[in-house]
Every structure is written in C-alpha cells, then in structure tokens.
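*Asks:* Here is how the chains run, residue by residue.
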Amino acid sequence: MSKKLIFILAGIFLVMGFALGGDLFAYTTPDPAGLHAGTTADITAATAGSPTATEITDQIGKNKVAINMVWVLLTGFLVMFMQAGFAMVESGLTRAKNAAHTMSMNMMIYPIGMLGFFISGFALMFGGVGTLGLLGGYEGLNQEFALSLFGHTFGLFGTKGFFLNNVYDVGVFTLFLFQMVFMDTTATIPTGSMAERWKFSAFVVYGLVLGTIIYPLYGNWVWGGGWLATLGKEFGLGHGHVDFAGSSVVHMTGGVLALVGAIIIGPRIGKYNKDGSPNAIPGHNIPMAIIGAFILAFGWFGFNPGSTLAGTDLRISVVAVNTMIASATGAVSSMLYMWLFKTKKPDPTMMINGLLAGLVAITAPSAFVNVQAAALIGLISGVLVIEAAFFIEKVLRIDDPVGAVAVHGVNGAWGCIALGLFADGTYGDGWNGVPGTVAGLFYGNPGQFVAELIGVATNIVYVGIIGFVVFKLIDLTIGNRVKPEDELDGLDVPEMGVEGYCGIKLDKNSETPLTK
Amino acid sequence: MKKIEAIIRTNKYEDVKKALHEIDIDFFTWWDVTGQGNDTKHKTEIYRGTVRDTSYISRRSLSIVVRDINLQKTIDCLLNAARTGEVGDGKIFVTDVELSYRIRTGESGDESLYNRD
Chain A
1 MSKKLIFILA
11 GIFLVMGFAL
21 GGDLFAYTTP
31 DPAGLHAGTT
41 ADITAATAGS
51 PTATEITDQI
61 GKNKVAINMV
71 WVLLTGFLVM
81 FMQAGFAMVE
91 SGLTRAKNAA
101 HTMSMNMMIY
111 PIGMLGFFIS
121 GFALMFGGVG
131 TLGLLGGYEG
141 LNQEFALSLF
151 GHTFGLFGTK
161 GFFLNNVYDV
171 GVFTLFLFQM
181 VFMDTTATIP
191 TGSMAERWKF
201 SAFVVYGLVL
211 GTIIYPLYGN
221 WVWGGGWLAT
231 LGKEFGLGHG
241 HVDFAGSSVV
251 HMTGGVLALV
261 GAIIIGPRIG
271 KYNKDGSPNA
281 IPGHNIPMAI
291 IGAFILAFGW
301 FGFNPGSTLA
311 GTDLRISVVA
321 VNTMIASATG
331 AVSSMLYMWL
341 FKTKKPDPTM
351 MINGLLAGLV
361 AITAPSAFVN
371 VQAAALIGLI
381 SGVLVIEAAF
391 FIEKVLRIDD
401 PVGAVAVHGV
411 NGAWGCIALG
421 LFADGTYGDG
431 WNGVPGTVAG
441 LFYGNPGQFV
451 AELIGVATNI
461 VYVGIIGFVV
471 FKLIDLTIGN
481 RVKPEDELDG
491 LDVPEMGVEG
501 YCGIKLDKNS
511 ETPLTK
Chain B
1001 MKKIEAIIRT
1011 NKYEDVKKAL
1021 HEIDIDFFTW
1031 WDVTGQGNDT
1041 KHKTEIYRGT
1051 VRDTSYISRR
1061 SLSIVVRDIN
1071 LQKTIDCLLN
1081 AARTGEVGDG
1091 KIFVTDVELS
1101 YRIRTGESGD
1111 ESLYNRD
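Heads up: the protein sequence lines correspond to chains A and B, in order.
Numbered by this note's numbering, the letters in the first sequence go through residues 1 to 516 in order.
Numbered by this note's numbering, the letters in the second sequence go through residues 1001 to 1117 in order.
Since the hints were derived computationally from the structure, they do not count as laboratory data.
Predicted model, so just to flag it, every value in this text is computed and none were measured.
Beta carbons are placed, not taken as given, at the ideal position from N, Cα and C, and that holds for glycine.
Each hint should be verified, as a subset may be incorrect.
[Stated by the list, open to error] Only pairs whose alpha carbons sit at most 30 Å apart, straight line, appear in this in silico DSBU-like list of lysine-lysine:
1) A:LYS345 x B:LYS1073
2) A:LYS274 x B:LYS1003
3) B:LYS1073 x A:LYS505
4) B:LYS1091 x A:LYS342
5) A:LYS344 x B:LYS1041
6) A:LYS505 x B:LYS1003
7) A:LYS62 x B:LYS1012
8) B:LYS1043 x A:LYS345
9) A:LYS505 x B:LYS1017
10) B:LYS1041 x A:LYS394
11) B:LYS1043 x A:LYS342
12) B:LYS1017 x A:LYS394
13) A:LYS394 x A:LYS345
14) A:LYS394 x A:LYS483
15) A:LYS274 x B:LYS1043
16) A:LYS394 x A:LYS344
[Stated by the list, open to error] Here are a few chain A residues that sit away from chain B, every Cβ distance over 12 Å (derived from the structure):
17) VAL70
18) ASN166
19) GLY283
20) LEU314
21) LEU441
22) GLY444
23) PRO446
24) GLY464
25) LYS472
[Claimed, not checked] Every beta carbon over 12 Å from chain B, so not counted as near; a handful from chain A, in silico:
26) SER2
27) ALA33
28) THR39
29) SER201
30) VAL209
31) ILE290
32) MET338
33) GLY430
34) TYR443
35) THR458
36) ILE465
37) LEU488
Take the sequences, apply the hints, and build the full model.
*Replies:* In structure tokens:
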C-alpha cells in the first residue's frame, strides 16, 4: 500500500469519526468546575433526557439506596482494616520471639472467621432479620426459629442463607460484608489474651467455631430480631436490649471468650511466682503497638458510624463525633490515672488500652447519647480499664498480655450499661419495633436500663458457658497449649517454622523470668 | 603480648577511638555489653502496674591485643580518654596472650600485631 493511500484512508476515517461520534457524547466542551455534569440526561429513562415522573422518583429512591450501600461497604472496608490494628497492638505488646506466631494468628483469623460466618454464621445470625429496608428492601431473610413460651415469642436463630444460598441479593451481600468484619473483630480479641502459649492448630479450630456458632447465636438475639431485641416489644422493657454497634455483641463476646480462654490455657511460664505475685513481661515493640492503636481508632470511624447502615441517616455525624470524643477522654484519663495515681509515669501501653477502652465503651451508646455524655463515658472507661487490668492480673491471677479482657470485656459491659443510663431520646424512633426514641434511666426510662442489664448478663452467661465448653473440648482433643520447651524457645520456629525477626539476635531465654 | 579488655561508656567510644588512633593503636574489637554496676543496683521500673528490675547498665567492651612495648601507653591513653569523673566510667583488665597469628600471611608473634611500613 502506498503512503498516499494510507493518508487518504486515515483522513476518511477521521472525518467519519467526527461526524458520527459527535452524537455519542453529552458535551464536547470540557467542564473543569463540574457545573454542567449531571443533568436530566443522566436519569435512567426510556427516552434519554425526558424521564417520566415515576422514572424520576425511581432514580431518587435508587440514589438513596446507593448512598446507603456505598456507605455500608466503605465503612465495612474500614473495619476490615482494624484487623491490622489488632495485629500490631497484640504483637507489639508481646515478646519478639513469638512475633511470627502472634501475627499469624491475627492474620489467619480474618479468613478463617470469614469462612465460618459464610458457612453458617450469617444464616444463624440474620436468617430471620426481616426486611432490609435501608439497603433495597429485600424481604427474604424471614426464617427465624423461635420458641413460644408463656405467650411470648423468643427468637433463637435464623435458618436462611447458609453458604449465602438463596439470598443472592445486593442488599444481603452488603449486610454480609459489614457484619462479617464485625464478627472478625470479636474473633481476634481472644488471640490477645491467649497469646504466647496458644497452639496454632487449637486456634484454627476456635476461629472456625466462633464464626459458625458462638458469635452468631448471641448476635441473632440482639441484632437478628431474636429475643433480646424483642424484650421491648414482648415485655415492655424499653426498646429491648439495644446495642448500636456492638459493645456486647462484638466486644463483650470477645472479652468473655478471652477471659475463659486465658483461664483454661493458664498463665505464661514465668509470669507468676510461687507466692502468686506477677512478673512484668514487657512488650517488644511499643511503636508498632501505638500505630496499631491509631489504626484501630481510625477503623472505629467505620465501626460506629457505619452501624446506621445508611449514609442518608445524618445521625452519622453525631455518632462519629461521640466516638472520637470518647476515645480522647479515654486515652487522657488513662494517661493521667497512671501518671498521677498509679505508677508516676504515663505508661504507653495503658494509653493504648485507655484509647481502646473509650472506643469500646462508646460503641453501644454512640448513636443515642449527647457528646458530653460520650466524654464522660470515655473518662470513666479510662479509669475502669486500668483498675480492671490490675484486678485481673493481680487478684484473679489471670495472665492477659495485652489487657484484652479489661478493654473489651469490662468496657463492653460498661458501654451497654452506659446506654441504659445516658441515652437521651433524640434518636432511634421505632428501634426494635418499639415506637418512640431510645432513652435511658437518666431520661426517664428505667426499662431500658433493665433490658441492658439483661443483655449484659446473658452475654456473660452464654459466652462463658459455650466458650468454656468449646475450649475444654479443644483441650481434651488436640490440646490448647504448646509444650513448655517450645514456649521458652519462642513459638515462631516450633509452631510456624520461621522466625519473626530472622537474622536479628534475640536473647530468647533471658526475658522469661523463671519462677522464684 | 597482652590483651587489654576495656569496658567503657558507649558515649565515650568516639573519644577513645580517636585517642587510640593518635598513638597508632589502630586494630581492636568492640561489642556492646549489658552488665550490673554499683550505681543502679536497686533500680526498678513499673510496667502495667508490675515492678520489674532495671538495674542493668549498657556499656561497650573493647578488646585490644598489643605488644609489650605498647602496653603502658595504651593503658594511659585509655584511662585519659574514657574518664568522665562520674561513677560508672568502667574498668580495664589486662591478661597475657601466648600466641598470635595473622591469618593472611601466617606471621606469628609480635610481627602479626603491626604493619611493617
């Protein structure tokens, strides 16, 4: 082909492109300020540019659902990132010789818990939750197994959606992602209290059981339309057990499991002397722990505000600010309490625990209290976490390397109790099927306070018993704890096959104080 | 030949190194050590409410093998350069070395300890 011919053909195609292509684009002048982008032409309509009234209102409704869905998904992604925060806090507060093992537990709990939740957890927890009004209106999650006693219904667990079967709906999938990352937050809490002596195989079994059974049952009772949620509708106790983002469902479950697990697995070698006094086993990487705390605080902006399940619910701003303020007062009160009253030095590990305690405690009440109450809740949680950590370590003689029980268990309970006290009645109309906004004891609704107490007590009893049974069964079959030689050597090589800090000389045995 | 083992403060190491170079002592080994001293015998800190022992101190240990003719000037140099006057300056120990070899050439004795240039 000659060069001339190629140029002529190219010219013809170019002209054709301009002539025909002009109709394919909305405008040809560039729009740097976005003043003209987004017009009637963008509304989905049979005839482009002339939508009918129904098409316009359909588009508005669709946009509302879209905003909600995007919000839930993005906040869910933030909560997923909290897995990294937990990994860093736990690894930073434990010893270097166990770093690969601690990190691996925190890494694998994410997929293992997720698979458990996928297999049966979501179905048990949300199989009967009802219409997903904010996420498109799917009504298929309507199978809840309930008992009828004394004229009242007690919802126990859902039965639809195992392996996400028969629920192939965009709203359901959004909810699944969001709830799954909450479950993973629970799952990763016991890895902190049982770190440095937990056998990896036992941990894997625990992770699967938590995602499939332990977490979803209590979760159904509170969030899936089960009996704790209907305490208001059935028994007139406020709005039933209200837990906005999971102080009891997520954090107390994790904290109580952490407690039971730590009791059954026993303290680390060298932690307690023969007379019962504890020895300090300092963490090996405070900078990493503090970065982890920040990642958790950042992820909590997804945890609490995301629990509105709606970007169009403008209460998200109040929720976010309550969360932030409580974390601040929690961290500062912990710092000052240690500095002025306890050890005369502000302890970075307790600052971390204080920040997290404030966040845990505000998780349940974040949507229902005003900001001054949020500040007070955080303030109290900062002191509570220190007292609880000391009590657990020194009086109960339970070895909790990172303070997981004090942060999540104790402050999870405090968060629910705080909701029962401080909920101020400015939000939550119709919560759990009860008309009226959510108010607590100090705003004239003692029934709410009682419902919270019932929810907290139920969590302790249920999780305590099932956690005990599961951990005991694992202990009897494969054993929870590693061999003492492996524990003294560091779990990295015996359990995981690779050192966390290969090539860096660690004096492995000098840091384990042997029993006096 | 004598081996001088000097335990000095880590922040005096640069002064000591410069002083040793000035008297033509250019070859020695050093490593960071942890030890116990008199000054911090009962020091404790509190970690999450539990008392732990922090009486250990960090120092730097130098190991210098010198010929007998250089022994006294090396010791004097070390004493001057590493001294701050505060408690915890360190110690110098001298032991006898029987044999010494340079690996590259196989030289032994005093010849292995200096460059003939």
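*Asks:* Report holds if the minimum CB distance from LEU441 (chain A) to chain B is greater than 12 Å, and violated otherwise.
*Replies:* The claim stands: LEU441 (chain A) keeps its Cβ more than 12 Å from every Cβ of chain B (closest is about 33 Å).
*Asks:* Is the straight-line distance between the alpha-carbon of LYS1041 (chain B) and that of LYS394 (chain A) 30 Å or less?
*Replies:* Given that 30 Å is the threshold and the Cα spacing comes to 26 Å, the pair holds.
*Asks:* Please settle this one: ILE290 (chain A) was flagged as non-interface, so is its CB more than 12 Å from every CB on chain B?
*Replies:* The claim stands: ILE290 (chain A) keeps its Cβ more than 12 Å from every Cβ of chain B (closest is about 15 Å).
*Asks:* Would you mind confirming whether the straight-line C-alpha gap from LYS344 (chain A) to LYS1041 (chain B) stays at or under 30 Å?
*Replies:* holds (21 Å)
*Asks:* Would you say ASN166 (chain A) is clear of chain B, with no C-beta pair closer than or equal to 12 Å?
*Replies:* Holds: least Cβ distance 50 Å, greater than 12 Å.
*Asks:* Just checking, VAL70 (chain A) versus chain B, shortest CB gap more than 12 Å?
*Replies:* Given that every Cβ of chain B is farther than 12 Å from that of VAL70 (chain A), nearest at about 42 Å, it holds.
*Asks:* Compute the least Cβ-Cβ separation between SER201 (chain A) and chain B, then decide whether it is above 12 Å.
*Replies:* holds (30 Å)
*Asks:* Decide, holds or violated, for the assertion that all CB atoms of chain B are farther than 12 Å from the CB of LYS472 (chain A).
*Replies:* holds (29 Å)
*Asks:* Compute the least Cβ-Cβ separation between GLY444 (chain A) and chain B, then decide whether it is above 12 Å.
*Replies:* holds (40 Å)
*Asks:* So if I understand the rule, the pair passes when the alpha-carbon distance is 30 Å or less; does LYS394 (chain A) with LYS483 (chain A) pass?
*Replies:* Distance of about 25 Å is within 30 Å: holds.
*Asks:* For the pair supplied as a hint, LYS1043 (chain B) and LYS345 (chain A), is the alpha-carbon distance within the 30 Å limit?
*Replies:* Given pair LYS1043 (chain B), LYS345 (chain A) holds - Cα atoms ~15 Å apart, limit 30 Å.
*Asks:* Minimum C-beta separation from THR458 (chain A) to chain B exceeding 12 Å: can you confirm that?
*Replies:* Non-interface label on THR458 (chain A) holds, nearest chain B Cβ at 31 Å vs cutoff 12 Å.
Hint check: violations occur at hints 1, 2, 3, 4, 7, 12, 19 and 32; the rest are consistent with the structure.
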